[in-house]
Amino acid sequence: ELKVEQNPLFLSMQEGKNYTIYCNYSTTSDRLYWYRQDPGKSLESLFVLLSNGAVKQEGRLMASLDTKARLSTLHITAAVHDLSATYFCAVDESGGSNYKLTFGKGTLLTVNP
Amino acid sequence: DAGITQSPRHKVTETGTPVTLRCHQTENHRYMYWYRQDPGHGLRLIHYSYGVKDTDKGEVSDGYSVSRSKTEDFLLTLESATSSQTSVYFCAISGRGAESGYTEAFFGQGTRLTVV
Chain A
1429 ELKVEQNPLF LSMQEGKNYT IYCNYSTTSD RLYWYRQDPG KSLESLFVLL
1479 SNGAVKQEGR LMASLDTKAR LSTLHITAAV HDLSATYFCA VDESGGSNYK
1529 LTFGKGTLLT VNP
Chain B
2 DAGITQSPRH KVTETGTPVT LRCHQTENHR YMYWYRQDPG HGLRLIHYSY
52 GVKDTDKGEV SDGYSVSRSK TEDFLLTLES ATSSQTSVYF CAISGRGAES
102 GYTEAFFGQG TRLTVV
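Protein sequence lines correspond, in order, to chains A and B. Take 1429 as the starting number for the first sequence in the working numbering and just add one per residue. Take 2 as the starting number for the second sequence in the working numbering and just add one per residue.
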């Protein structure tokens, strides 16, 4: 059974600071996704990482994937309050014709002034 | 936004009653999923479908059944609702993408279900 672990689960940081959220998973996969969820809302796709060494950046967020280490990171640069949300990583465990995502428990990020 | 509609958006039901949640898509995507979201657990897969009448169980399928009689609709039924099934339920879809086999999953707005 695929396990996806995120850490930290709770992150409180000051505006302007940098931090990294980690996502470890337990099986071979080269497809990993990051989502954002605002309170009471649905999930919004942030990044799609499809190969070892993939790096994607959008604004103050940068995601990377190391399939050999089974690790993805979401790096936050110079955090601003608008980044406060819950961030999920999800791993595609199929490797074949059936495709389904297993999610981590999420990281609740709070950015304080 | 991906064309996914969940109904109802909110429901309160009594223990022991059957409940059906509907997910409707306009994207003609092959895959459809039902997840539940609970504090401390993230999102957990209940069932998913990889085609019309093709479904499979996820990690928390006990007490739930699904049906997909046409591409656009995926129904989740709680056969006899229990308080432990109080949750937020999300439907998601995915299909063929340009870069790889499949796109990421796109989520509906969620259904908040309360079992009293």
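Keep in mind that the hints are not guaranteed to be accurate.
Unchecked claim - Below are the DSSO-like pairs computed for lysine-lysine, each with C-alpha atoms no more than 30 angstroms apart in a straight line:
hint, chain 1, residue 1, chain 2, residue 2
1, A, Lys1484, B, Lys12
2, B, Lys12, B, Lys71
3, A, Lys1445, B, Lys12
4, A, Lys1469, B, Lys71
5, A, Lys1496, A, Lys1484
6, A, Lys1445, A, Lys1469
7, A, Lys1484, A, Lys1445
8, B, Lys58, A, Lys1496
9, A, Lys1484, B, Lys71
10, A, Lys1469, A, Lys1496
11, B, Lys12, A, Lys1496
12, B, Lys71, A, Lys1445
13, A, Lys1484, A, Lys1533
14, B, Lys54, A, Lys1484
Everything labelled a hint here was simulated from the structure, so no lab data went into it. Please read these numbers as outputs of a predicted model, since none were measured by experiment.
The hints, checked one at a time:
{"no.": "1", "hint": "A:Lys1484 <-> B:Lys12", "result": "violated (39 angstroms)"}
{"no.": "2", "hint": "B:Lys12 <-> B:Lys71", "result": "holds (24 angstroms)"}
{"no.": "3", "hint": "A:Lys1445 <-> B:Lys12", "result": "violated (41 angstroms)"}
{"no.": "4", "hint": "A:Lys1469 <-> B:Lys71", "result": "holds (27 angstroms)"}
{"no.": "5", "hint": "A:Lys1496 <-> A:Lys1484", "result": "holds (18 angstroms)"}
{"no.": "6", "hint": "A:Lys1445 <-> A:Lys1469", "result": "holds (26 angstroms)"}
{"no.": "7", "hint": "A:Lys1484 <-> A:Lys1445", "result": "holds (20 angstroms)"}
{"no.": "8", "hint": "B:Lys58 <-> A:Lys1496", "result": "holds (29 angstroms)"}
{"no.": "9", "hint": "A:Lys1484 <-> B:Lys71", "result": "violated (36 angstroms)"}
{"no.": "10", "hint": "A:Lys1469 <-> A:Lys1496", "result": "violated (34 angstroms)"}
{"no.": "11", "hint": "B:Lys12 <-> A:Lys1496", "result": "violated (44 angstroms)"}
{"no.": "12", "hint": "B:Lys71 <-> A:Lys1445", "result": "violated (49 angstroms)"}
{"no.": "13", "hint": "A:Lys1484 <-> A:Lys1533", "result": "holds (22 angstroms)"}
{"no.": "14", "hint": "B:Lys54 <-> A:Lys1484", "result": "violated (36 angstroms)"}
The structure is inconsistent with the numbered hints 1, 3, 9, 10, 11, 12, 14, although it conforms to all the rest.
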